[in-house]
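Chemist: From first to last, the protein sequence lines are chains A and B.
Residues 76 to 192 (the working numbering) make up the first sequence, in order.
Residues 22 to 131 (the working numbering) make up the second sequence, in order.
Because the hints were derived from the structure by calculation, they are not lab data.
Certain hints may be false.
[Unchecked claim] Listed next, the in silico DSS-like pairs over lysine-lysine satisfying Cα-Cα at most 27 Å (straight line): (1) B/Lys98 with B/Lys43; (2) A/Lys137 with A/Lys119; (3) B/Lys70 with B/Lys90; (4) A/Lys146 with A/Lys102; (5) B/Lys130 with B/Lys43; (6) B/Lys130 with B/Lys98; (7) A/Lys102 with B/Lys70; (8) A/Lys119 with B/Lys90; (9) A/Lys119 with B/Lys43; (10) B/Lys98 with A/Lys119; (11) B/Lys43 with A/Lys126.
Computed from a predicted model, the values in this text were never measured in an experiment.
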Amino acid sequence: NAGVMQNPRHLVRRRGQEARLRCSPMKGHSHVYWYRQLPEEGLKFMVYLQKENIIDESGMPKERFSAEFPKEGPSILRIQQVVRGDSAAYFCASSPTPSNPANYGYTFGSGTRLTVV
Amino acid sequence: AQSVAQPEDQVNVAEGNPLTVKCTYSVSGNPYLFWYVQYPNRGLQFLLKYITGDNLVKGSYGFEAEFNKSQTSFHLKKPSALVSDSALYFCANQGGKLIFGQGTELSVKP
């Protein structure tokens with residue numbers, strides 16, 4: 076049973092380009108969460124999605140950032156017109172339905188390290 | 022509103038000595054607390070969690086944590102540190118989503 080798969084592991088983009096980060100949750104998990112880890116900072120929540128629905132996007136920057144989790148395929152975090160300040164590690168996590176406390180806690184992917192040059 | 026705090030940016034311990042990484046929380050309702058570890062250039066690995074039940078929780082790699090409701094703390098402990106325990110440790114609370122503390126860099130020296 077593969078864990079949470081993120082690709083690419085490393086992504087280099089020039090300023091102004093678009094970055095697309097992919098996350099395939101664990102088999103049987105229908106909830107996906109994206110976090111950003113800036114250098115020398117902790118993990119900051121960005122967005123929580125279920126299939127075809129955004130549940131909580133309170134951590135998403137208002138502009139240039141978007142996320143989706145389609146019915147088929149991986150979840151995508153999209154950053155348009157990247158700037159140097161977007162350079163960070165982006166982690167995806169997945170969980171089964173969180174309504175049962177026994178299911179609390181996520182499985183994390185290994186992350187995508189975005190470098191904007 | 023909920024928050025998790027890790028008051029120490031860095032903890033230094035000699036190998037073989039006990040280690041403690043501190044975490045305090047502020048949540049409305051019941052806390053659901055977690056510890057994760059992050060090795061360099063890797064993702065987060067789950068160590069242990071407190072949902073309900075015994076206040077002393079045992080987890081992976083010999084780590085344990087004690088939930089203290091009166092002090093609103095959930096400190097991570099290990100009786101005898103190893104050099105390989107050197108990593109970044111995160112405490113978190115789940116209230117709809119995981120909210121992390123700022124992380125504590127643990128350095129274990131031989």
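Chemist: Next pair to validate is B/Lys130 with B/Lys43; report whether the Cα-Cα distance is within 27 Å.
Modeler: holds, 19 Å
Chemist: For a C-alpha distance cap of 27 Å, please report whether A/Lys137 and A/Lys119 respect it.
Modeler: holds, 15 Å
Chemist: Given the hint that B/Lys70 pairs with B/Lys90, test it: the Cα-Cα distance must not exceed 27 Å.
Modeler: Cα-Cα ~15 Å, so holds.
Chemist: Straight-line Cα separation of B/Lys130 and B/Lys98 no greater than 27 Å?
Modeler: At roughly 17 Å apart (the allowed maximum being 27 Å), B/Lys98 and B/Lys130 satisfy the hint.
Chemist: For the pair we were handed, A/Lys119 and B/Lys43, check the Cα-Cα distance against 27 Å.
Modeler: holds, 19 Å
Chemist: If you draw a straight line from the CA of A/Lys102 to the CA of B/Lys70, is it 27 Å or shorter?
Modeler: holds, 22 Å
Chemist: Would you check the hint for B/Lys98 and B/Lys43, treating anything up to 27 Å between C-alpha atoms as holding?
Modeler: holds, 9 Å
Chemist: Please verify whether A/Lys146 and A/Lys102 have alpha carbons no more than 27 Å apart.
Modeler: Measuring from Cα to Cα gives roughly 14 Å; hence the hint holds.
Chemist: Please work out if A/Lys119 and B/Lys90 have their alpha carbons no farther apart than 27 Å.
Modeler: holds, 25 Å
Chemist: Is B/Lys43 within 27 Å of A/Lys126, Cα to Cα?
Modeler: Answer violated: B/Lys43 to A/Lys126 is near 36 Å, above 27 Å.
Chemist: Decide if the proposed pair is consistent with the structure: B/Lys98 and A/Lys119, CA atoms, cutoff 27 Å inclusive.
Modeler: holds, 25 Å
The structure is inconsistent with hint 11 alone, although it conforms to all the rest.
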